[in-house]
Amino acid sequence: MYAFDIARPTTLDEAKAAIAAGGQALSGGQTLIPTLKARLAMPETLVSLHGIADLKGVSTDSAGRICVKGATVHRAVAEAVADSFPALSYLASRIGDPAVRNRGTIGGSVANNDPSACYPAAVLGCGATICTDRREIAADDYFQGMFTTALEEDEIVTEVKFPVPQAAAYEKFIQPASRFPLVAVFVARFADGVRVAITGASESGVFRWSAAEDALSANFAPDALDGLSVDADGMIGDLHGSKDYRAHLCGVMAKRAVARAV
Amino acid sequence: MPKDSGIGASSKRREDIRFLTGTGKYTDDINIHGQLYVHFLRADVAHAKLNGVDTAEAAAMPGVVRIFTGADFEAVGSIPCGWQITDRHGQPMQEPRHPVLAHGKIRHVGEPVAAVVAETRAQARDAAEAIVLDYDELPAVVDMKAAVAEGATKVHDELTSNLCYDWGFVEENKAATDAAFAAAAHVTTLELVNNRLVANPMEPRVAVGEYDRADDMHTLHTTSQNPHVIRLLMGAFVLGIPEHKLRVVAPDVGGGFGTKIFHYQEEAFCTFAAKALNRPVKWTSTRSEAFMSDAHGRDHVSKIQLALDADNNFTAIRTETYANMGAYLSTFAPSVPTWLHGTLMAGNYKTPLVYVNVKAVFTNTVPVDAYRGAGRPEATYQLERVIDMAARELGVDPVALRRQNYITQFPYATPVAVEYDTGDYNATMDKLTEIADFAGFEARRKESEARGKLRGLGVNSYIEACGIAPSNLVGQLGARAGLYDAATVRVNATGSISVMVGAHSHGQGHETSFPQVISEMIGIPEDQIDIVHGDTSKIPFGMGTYGSRSLAVCGSAMVRAAEKVINKAKRIAAHLLEASEGDIELKDGTFSVAGTDKSVAWGDVTLAAYVPHNYPLTDIEPGLEETAFYDPANFTYPAGAYACEVELDPETGHVKIERFSAADDFGNVINPMIVSGQVHGGIAQGIGQALLENCAYDADGQLISASYMDYAMPRADDLPFYSVDHSCQTPCTHNPLGVKGCGEAGAIGSPPSVVNAVIDAIQSGGMNVAHIDMPLTPHRVWAAMHAARTDAA
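Chains U and L, in that order, give the protein sequences. So the first sequence is numbered by my numbering: it starts at 1 and just counts up by one. So the second sequence is numbered by my numbering: it starts at 263 and just counts up by one.
Bound-form chain L, shown alone (with noise of 0.2 Å):
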């Protein structure tokens, strides 16, 4: 019976009632009075060297109230990196400055060169309009391989070129790595882009700035997934604000998907100008600013290497990628294409031997960062791609090449440095048999031919890291923060409890599954419990929502605090009973005193601590609040396996979704229907990503996919109904709860197994295509198919 409280229960989406009735409060729901309006002139070209920007009759214009420029701000930190790469040979990252407006020279379209304040957001636009920028265009550089060519013309003229890093992983398996292959009876390779999105998050960015002179205090209100982390980023490293008098606020947040993580200069610029004109600023961001300013995702160009013994089993995997940066290295730009991607080269399988190279590139594009999976379904797409081609070339059936070389015994040290402590990769490709009906496809496949279209199957594992720590690795790994979360657990003396939680909820539930937890362990009702989140004067502290790490991270430091919370009162409890502490039980809200009927209800101990008058005063503090920070020991790994179905349109290029499963493993599930719809959209924007979206630059750096009349997203009709399951669970085995996190992997998951399947499609109608890049939009698939006719003609 499935339960209908606690852990396993899908208990309903109690955020969405005011979600769903517009009762929700967005940052830009906040209008404080007396406050301006900033309008960012965003440079039109994307490499040019800036001589002057005149505002003269811009400043004069009605109701500006100031202009500011990159000069306003050279006293003023640069935007800072949180992550620290160092090269294959032992040296640090090429790390330029990241101005808050552009001075002296410009470097992407989009880029902020100057900011109108006035009374009104139009009269700010309006003024904007008459600024004039004096520049002198430079040479944009766009493709990664041709900026890091010889004589390449530099996006940055005080560092030695645009290549950041370039990063092997791990070097001392190089040697070893090129031997194998060398020795291999086969070798697949592959080259492949991963394309570049934009995260489109249904809500835009917004910054509201407010400086309180009284008290010297600032508050930023910021469409953020980690207050805390922006309070310490821009408080710290850029305008040099004491942690005590800045407060971030991130109120409810229309979606993040990993864009919302960093710091932005728009940010900075808000707190910034606050302060300097005394009166609360605010930006909204419009969506044609979205595309170009919010950091981007992905933009990988690999090349991938499979070697195989004449018995097929996995000898050695070799990568070289291109990792684009775009103009400035945002907060964990560095971090993605390496330990995010690197770590995860060897996937579900028992390779010995793995190496990773990886040159991160400045170009005149947006800044490129994490966006949701970051890094790992990049390194997910290479690998399962590969493989099936492998599969292809060798004639043998795609999953029981796969599941002849999967790693069965745990815990699993892999040549990649990490350890996947637990897993099970046959029972998920066993349920995905079931659920996908691969036993049907032929009969599938045969009725879809009678039509005059092509079906095809694409099957894929994949293996994700998630909750990234422990601190003290990740500090030598070049993080320049801890990965650590904080609770706070404030039982009140009636017994309903208020949790405060470093996590930061915008789309994923927290409000409705954390307090599951807290329902199973007191046993009062989960209505008993809520949750507090996003702003930094609430919160004990916290690194924020990302990584799929918010409960694995967050939820544990959640359940460490709680169980401070139950010893105190099960001490005051043994007090009230006159009972040895070691003898009370708590089960169903109720302490009682083991083998005996004696008892006292949670609401009579909760009031006990803070109404002691029958209190062991000078043994126990009054009160019952408890804080926990949790670091934990490893990255927890979720893994599954995934299908896709195509009916494809041989005359057209045309891909519909027939069929999509999903079997995934994430340890145990507090809440099946939340995962469910995690999977659900992560699903959807691997699907977009295969087959719709493409962030597109041309020749001059000008974005020519910036708006929704060229970048597609993907629509309802695009997508079929999901079948998904997560009854298999190896439970992780370092953490409270057993959990690994579910929130990036439909997104990490997805595209290899529909690229696979249209390319499955397009072989069985007899036509040697062996690859087409991302997104397989039908322009794309009918040239594949089109050249593949041509040359077989």
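Just chain U, same shape as in the assembly (with noise of 0.2 Å):
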């Protein structure tokens, strides 16, 4: 780790000034410190989200969506959601460890958007809206890749609303070091339509299986889905699994989460 100095806003404006002056936001931290750790990176100051009471908290709005402020630890939205939000609920539950569900962040994931993260899932999944400092992006328009957001770079994520879907599950296959997801399916199904959103999988990040959804949209059962296949071209292939084991899996866990969701 380098040296850097630390500030600890209060107020969203107080970040937004050091952010603005060349500091790095810190929500949670828990890529970010294991990457300045590493000597993978050089800020200056980090911005401390921690601080700011704006930024914590779970609620509904009058639209019925559940909306999660930026700065939320994982463990505060896997207990505020357990009634209202049960597969939501499950995921937050099992993002890491304790100690990652007591540190790390919504706003931090969403915003890192690692391509093995479970956030991504639940926020594309259902097709939630990310507000920012500045503007609300919907999931559609968010997610743009490996690491890669619609976010610009002094751009700090103030809060994810979830509009709440008539049946939903998170199925998650562990990469077994890591513990993320090798595969993680969200399946959600709305008034309108069932959303499908499959993350550890593709080299562009968390995508949606659009046949899936199609077949589901028509029919609400895990047999729905035979005879889908997710294409291995675009999956990512390492050490923990190939291209094609991949696109088994999205097969797998999507039927998977179909099935608990109905």
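Note that these hints are calculated values from the structure, not bench results. None of these values were measured; they are calculated from a predicted model. Treat the hints with caution; some may be incorrect.
Part of the chain L face toward chain U, derived, beta carbon under 8 Å [stated by the list, open to error]:
1) Phe803
2) Glu913
3) Thr914
4) Leu954
5) Ile966
6) Ser967
7) Met971
8) Tyr973
9) Ala974
10) Thr1039
11) His1041
12) Ala1045
Distance condition first, Cα-Cα at most 20 Å in a straight line; then the derived SDA-like pairs of lysine to any residue [unchecked claim]:
13) Lys715(L) to Glu913(L)
14) Lys243(U) to Lys715(L)
15) Lys826(L) to His996(L)
16) Lys243(U) to Arg1042(L)
17) Lys243(U) to His1048(L)
18) Lys37(U) to Ala968(L)
19) Lys37(U) to Pro466(L)
20) Lys37(U) to Ala978(L)
21) Lys800(L) to Glu773(L)
22) Lys918(L) to Ala978(L)
23) Lys830(L) to Leu869(L)
The C-beta atom is built at its ideal place from N, Cα and C for all residues, glycine as well.
Each of the two chains sits in its own frame; use the hints to bring them together as a complex.
Here you go:
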């Protein structure tokens, strides 16, 4: 780790000023801190979002959406939505280990957009809205590839608003070492159709499996997915699983998610 | 009734008070006034000609005291190898120089190339980034078979090839073994990989070098399993420091598993630099450094063949193994695939002919050396997998096939030069049958199948050889050290006892179990006895802890020293009781005269030894302290039978271990709870090897599993609750406690049963999969099943 200064703003405006001045936002740091320890980044100032009360908490808006403030840790989300959105609670309760869940935040996760992160599957799978310090971005526009998002350099994720599906489930198959998803699928059924988002599998990061969405919108049952497959081309192939294996797991995990959701 | 103290009692581990409350004193807790910090600049390429190291800019950076490079160590010895193997043709192995810092050539990723010593750790690291290496990259030698192919790039230019040795054992058996194969009714052939592992002790390595100019005294504080061995290797072979001027201290050590046996460059560096700079020098490994500098384990590629006659009797075993040495010979590396592997290839079976061939190979990878089990897991895995495969090919019950071929008469001289003194392999298999509930397996399998899962049961036997000895034999085999151990029993005036032992405890619980032995012998409470270990200035001598030797070898030395103490104390008691020495009995801490009510307490006798007012000074020296060195007559041979039951998800390839059972024969047991704990830990590491752990290099020699993001350690939820039993006890015949050693059994005995269980599960699903190489990750299992389904379709 190189030496750095740390700013601890208590309001969003202070944080924006510090980041505009060249600071690097820190929201949980579950990716950033290991990166700094490996000396792979050299920020002069870290701007911790941890002390900003307005960036914490979970509520329901007038449209019935579950609104999670950007600096809310995974454990808090898991507890807050246990009854109102069990699939999201389940996802949040199984990210990393207790230490990660008590530091890592939803804003940090979606801003980083690790191709194997859990949250992007729920955000994309629900068609959630990502709110920032300057605008609102639909999930379909937000995720733009591995570690790439629609965020501008100094933009802060302030809130994520999830429409609550009629039925939903998240199924994760873990990479044995990191325990990040090797492949994980979020399935969400809404009045106007089904959305299926897959994380861990693709070189392009989280993605929607549209063929599965069409089939499940017609018939929300595991066997609706029979005969459908994800193209292995474009999947991640590494020490832990080939492209073919990941493509295969997309189908298996999607079916299991549907089975649990119905 | 279980005992509450002494031999056989499950006394609570007294050392856990400090380990569990964060009050242990580890090497990194040692900070000495004025100490400097060293950061090693490590190679990030696997193989290169090193033209120069430009330190000019770095040397001028804040806090930098001095930067060392390979040139500073030209007059210093090579990091030594402690075992010389003689090959099939009577020639000594090829033994390259192993420099403290790379000089002229870089031979593996992680090799230290320069060392920056600075006032703070951060300053040292900052400066290291300013060092410029001038090198020409060379093709990396990674694959072992390619390494020994004609025209391969050489890891060491001064050697004739990358072949360290080509060892045959027993060479005289080769022709007869080949003939037995020619005459066999059935031959089973299996090619397999014993995957490379990283030991990953919880505490990374640390070294603190100190030098006292006033009395020319060097002190090295280090994370070692055997401080005397480090003193000998580093003092005599690397730095040229006589033993009386070199103290090596290994305080609390947070796990070793073999990788802290060896003498490493960082230890020599800190000791050397402390004198050169006249200030203490400290190095603390990061976890990333540990992955690329701690000696790795295993990494064998083997072909094993089993010959059977028409009645399914084993008639011969033949193996060919390529064993990876890495870039240099670590301390005991050459012995692992040979004397710790070939000698175990008979296993628990009365196979009359065995021939083992091992080709040890240099590659551009981290050196490979002993890791929990060291050679014996590799032998057991080959043998117990090929037997299982033979049973499947022949359509016979794998347990029955084993039982049919078990050795049942002891002592038994194997065709691979060792003599098993005692054992009862049917007894442990009987116990396993009971605790693993073989009878209930079919019902459990049906229940799994009803849920769309496959269930498999895998079984294996194992035998290992512990407490490697005797010294005169191992000397003939190439060991450059003796393999005895030593203990001093120091009785204090009021009767309490300090025992200075050569064994080092780093998780084994010696501080609890060794006093149980003394308590039993003398009859005083365990809390009157303390163990002192880990400091060459405090203990007489010691070869340390590895190879499950501590109790069998050092414990025996302790018993011999205690016997001397007791004999002397009886003479003193005889004087005090005015009786004949031969009539004195010691029981429950009291000396009495046989057949009378005359007695004197232990404490009164010990007091007399130190306050000799009424004492036969003309016949007996005052004081009560004795030392013994013990050199065993033979190895000990723990053995047992293990069973693993898995549930397999046929859609994903995920393997869940549902049950794991171990029936071990460790001979006599001092502390059953500690023994169970040792078995638990060993099984965890064995399951880790079988299902999860894989140290992987790419073709360029880059370590691609260099952190916990890619190297999968077993976690609690990967493991079941174990059923372990050590009630089958055939005591060792040649050591005073009748003990055999239990530290490695779990790691040796568990991988084959896990793999056998997975193969059983897959075949129960109608898929023709004969073998999968470890680790059996979901991807590998799925790929094997997928290929079998595709072939069948």
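Verification of the hints:
Violation of the interface hint for Phe803(L) is found here, the shortest Cβ-Cβ separation to chain U being roughly 42 Å, above the 8 Å cut-off. Proximity of Glu913(L) to chain U holds as hinted, the smallest CB-CB distance being about 5 Å (cut-off 8 Å). Proximity of Thr914(L) to chain U holds as hinted, the smallest CB-CB distance being about 6 Å (cut-off 8 Å). Taking 8 Å as the C-beta cut-off, the interface hint given for Leu954(L) holds, the closest approach to chain U being about 5 Å.
Against a cut-off of 8 Å between C-beta atoms, the interface hint on Ile966(L) holds, since the closest Cβ of chain U lies about 6 Å away. Given hint, Ser967(L) at the interface with chain U, holds; its Cβ is 7 Å from that chain's nearest Cβ, closer than 8 Å. A cut of 8 Å between beta carbons decides the hint on Met971(L): the least distance to chain U is about 4 Å, and the hint holds. Annotation: Tyr973(L) was flagged as interfacial toward chain U, and the flag holds, the nearest CB pair being 6 Å apart, inside 8 Å.
A hinted interface residue such as Ala974(L) counts as satisfied when its beta carbon comes closer than 8 Å to some beta carbon of chain U; here the least separation is about 4 Å, so the hint holds. Taken as an interface hint, Thr1039(L) checks out: its beta carbon lies about 6 Å from the nearest beta carbon of chain U, inside 8 Å. For His1041(L), the interface hint holds, the least distance from its beta-carbon to any beta-carbon of chain U being 4 Å, beneath 8 Å. Restraint check, Ala1045(L) versus chain U: the minimum CB separation of about 7 Å is within 8 Å; hint holds.
A C-alpha spacing of about 9 Å is found between Lys715(L) and Glu913(L), which places the hinted pair at or below 20 Å, so the restraint holds. In summary, the hint linking Lys243(U) to Lys715(L) is not supported, as the alpha carbons are separated by about 24 Å, beyond the 20 Å threshold. In summary, the hint linking Lys826(L) to His996(L) is supported, as the alpha carbons are separated by about 19 Å, within the 20 Å threshold. A distance of roughly 13 Å separates the Cα atoms of Lys243(U) and Arg1042(L); the hinted pair therefore holds under the 20 Å criterion.
Distance hint between Lys243(U) and His1048(L) is fulfilled; the C-alpha atoms sit about 14 Å from each other, no more than 20 Å. With a C-alpha separation of about 15 Å, the suggested pairing of Lys37(U) with Ala968(L) holds against the 20 Å cut-off. Between Lys37(U) and Pro466(L) the alpha-carbon distance is near 17 Å, which keeps this suggested pair within the 20 Å criterion. Taking the CA atoms of Lys37(U) and Ala978(L), the gap is about 27 Å. The hint is violated against a cut of 20 Å.
The straight-line distance between the Cα atoms of Lys800(L) and Glu773(L) is roughly 16 Å, inside the 20 Å bound, and the hint therefore holds. Simply put, Lys918(L) and Ala978(L) have alpha-carbon atoms about 12 Å apart, close enough for the 20 Å limit, and the pair holds. The straight-line distance between the Cα atoms of Lys830(L) and Leu869(L) is roughly 13 Å, inside the 20 Å bound, and the hint therefore holds.
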